[in-house]
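Q: Sequence:
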Amino acid sequence: TGWMPTLLRAGRGMSRFEGAAEEIPAQPLVLYNYENNQFCRFVREALCELEIPHIVKSAGKGSPRRAELLETSGATRCPYLLDPNTGKGITDSGDIMEYLFSTYTVAR
-3 TGWMPTLLRA
7 GRGMSRFEGA
17 AEEIPAQPLV
27 LYNYENNQFC
37 RFVREALCEL
47 EIPHIVKSAG
57 KGSPRRAELL
67 ETSGATRCPY
77 LLDPNTGKGI
87 TDSGDIMEYL
97 FSTYTVAR
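Going left to right, the sequence shown walks through residues -3 to 104 as my numbering numbers them.
The calculated label-pair distances, taken between Cβ atoms and stated as ranges, are: (1) P60 with V102: 31 to 41 Å; (2) N33 with S98: 17 to 27 Å; (3) G56 with E19: 31 to 41 Å.
Calculated from the structure, these hints are not laboratory results.
Where a beta carbon is used, it is the ideal one built from N, C-alpha and C, also for glycine.
Full structure from sequences and hints, please.
A: In structure tokens, the structure reads:
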């Protein structure tokens, strides 16, 4: 998404979150997103900070994956996170972040 947001966000997504769970999910999570969306960026950063294996599927306007996103989620809104380990599918970036940090972190 460019170097400026990385600079302004003080390197978010570039280092491991200290509360990240040690256990790796059995299957990688799937994130439907598009590059120039700040809400998608927040989710990508969280996935990197938590070191969660994930597959990123670009689903911007004009993308062939947009139909796949519509079929999977019932809408074309990004970000959309699908966790095959729990069967959860979540659209709102705030809800996704809450889910990731409550599911894939260790209580301290």
